[in-house]
Amino acid sequence: DEVVKLSGYSKASIYKFTHRRLIPFHKPAHGGRRLVFIRQEVEEWMKQNTCPSIEQECNYRIENITTHRS
Numbered sequence: 001d002e003v004v005k006l007s008g009y010s011k012a013s014i015y016k017f018t019h020r021r022l023i024p025f026h027k028p029a030h031g032g033r034r035l036v037f038i039r040q041e042v043e044e045w046m047k048q049n050t051c052p053s054i055e056q057e058c059n060y061r062i063e064n065i066t067t068h069r070s
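Numbering (full-length UniProt numbering), first residue to last: 1 to 70.
Just so you know, the hints here were simulated from the structure itself, not pulled from any lab data.
Positions of the beta carbon are idealized from the N, C-alpha and C atoms, including for glycine.
There could be a bad hint or two in this list.
[Said to hold, decoys possible] Result set (DMTMM-like, lysine to aspartate or glutamate): computed pairs, CA atoms no more than 25 Å apart in a straight line:
id	residue 1	residue 2
1	Lys11	Glu41
2	Lys11	Asp1
3	Lys27	Asp1
[Unchecked claim] With beta-carbon atoms standing in for the labels, derived distance ranges:
id	residue 1	residue 2	range
4	His30	Tyr60	43 to 49 Å
5	Ile54	Ser13	24 to 30 Å
6	Leu35	Gly8	15 to 21 Å
7	Glu57	Lys5	26 to 32 Å
With the hints as constraints, model all of the structure from the sequences given.
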C-alpha cells in the first residue's frame, strides 16, 4: 500500500509492473508471496521514468536540429 501511495499507481498497475519486472522489488528469503519495496529504489525508478517538460523537449529538439545540420 505504501508503494501505491508513493507512486500514485493502482495496486493492479504495481502488480503488472512487478510481473514484467519494470519496478524494483525484492522477495524475502523465506519465499512466499510477499514483496518488499525499498522506498529509495522506487523513488529512483520514478525519477528515471519521468516525462520531459515541454521546455526540456523543445531544447532537446533544438539541440538535435543544430547537431544534425553541422
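Hint check:
{"no.": "1", "hint": "Lys11 to Glu41", "verdict": "holds, 18 Å"}
{"no.": "2", "hint": "Lys11 to Asp1", "verdict": "holds, 8 Å"}
{"no.": "3", "hint": "Lys27 to Asp1", "verdict": "holds, 16 Å"}
{"no.": "4", "hint": "His30 to Tyr60: 43 to 49 Å", "verdict": "holds, 47 Å"}
{"no.": "5", "hint": "Ile54 to Ser13: 24 to 30 Å", "verdict": "holds, 25 Å"}
{"no.": "6", "hint": "Leu35 to Gly8: 15 to 21 Å", "verdict": "holds, 18 Å"}
{"no.": "7", "hint": "Glu57 to Lys5: 26 to 32 Å", "verdict": "holds, 29 Å"}
The structure meets every hint from the earlier list without exception.
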